[in-house]
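When we follow full-length UniProt numbering, the leftmost residue of the sequence shown carries the number 1, and every step to the right adds one.
Hints in this document: simulated from the structure, not taken from any laboratory.
In this text, a Cβ means the ideal position worked out from N, Cα and C, and glycines have one as well.
Be careful, since some hints might not be right.
[What the hints assert, rightly or not] Here are the in silico distance ranges between beta carbons for each label pair: (1) F47 to R20: 34 to 40 Å; (2) V52 to V22: 39 to 45 Å; (3) N100 to V31: 55 to 61 Å; (4) G50 to R23: 36 to 42 Å; (5) V62 to G110: 16 to 22 Å.
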Amino acid sequence: MSTMTFAPHQLPTVERVQTRSVRLTRRGRLVVFMFGVLLAFALGVWFAAGSVATQEAGVEQVEVVTVAPGETLWDIAADAAAVTGEGDVGDMVARIQDMNSLDSSMVYAGQDLRVPAE
1 MSTMTFAPHQ LPTVERVQTR SVRLTRRGRL VVFMFGVLLA FALGVWFAAG SVATQEAGVE
61 QVEVVTVAPG ETLWDIAADA AAVTGEGDVG DMVARIQDMN SLDSSMVYAG QDLRVPAE
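Based on the provided sequences and hints, a complete structural model is requested.
Here is the structure:
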């Protein structure tokens, strides 16, 4: 039989590991700041890409009316105000002028006008 012997030995002492703090230079701080700004911008673009506009809520329904001989803009606006349920004919005249880019309330027979619909 063989015998094994262990010689006592001393364990190495654990030395304190010095921790070094990270010190950024002025350029390093600028790089870190710009990285944060670009990251925030990229996240903003990514979240904004998910928003989608629809035509249902914002499009005003219009109908095209042809001006008859002897008909005035006031007559057309009165009919449109009655159809849409708006009571003020003067406001409807202004809306029709805006929608058709009219400078005055003068209309001609046979002229096509966009008029608000229901």
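Using the Cβ atoms, figure out if G50 sits within 36 to 42 Å of R23. Holds: the Cβ-Cβ distance is about 40 Å, inside 36 to 42 Å.
Just to be sure I understand the hint, the distance between the Cβ atoms of V52 and V22 should be within 39 to 45 Å; is that true here? holds, 44 Å
Does the Cβ-Cβ separation between F47 and R20 fall within 34 to 40 Å? At 38 Å between Cβs, range holds.
Consistency of beta-carbon spacing, V31 to N100, with hint 55 to 61 Å: holds, 57 Å
Does the hinted range 16 to 22 Å hold for V62 and G110 at CB? holds, 19 Å
In summary, this structure violates none of the numbered hints.
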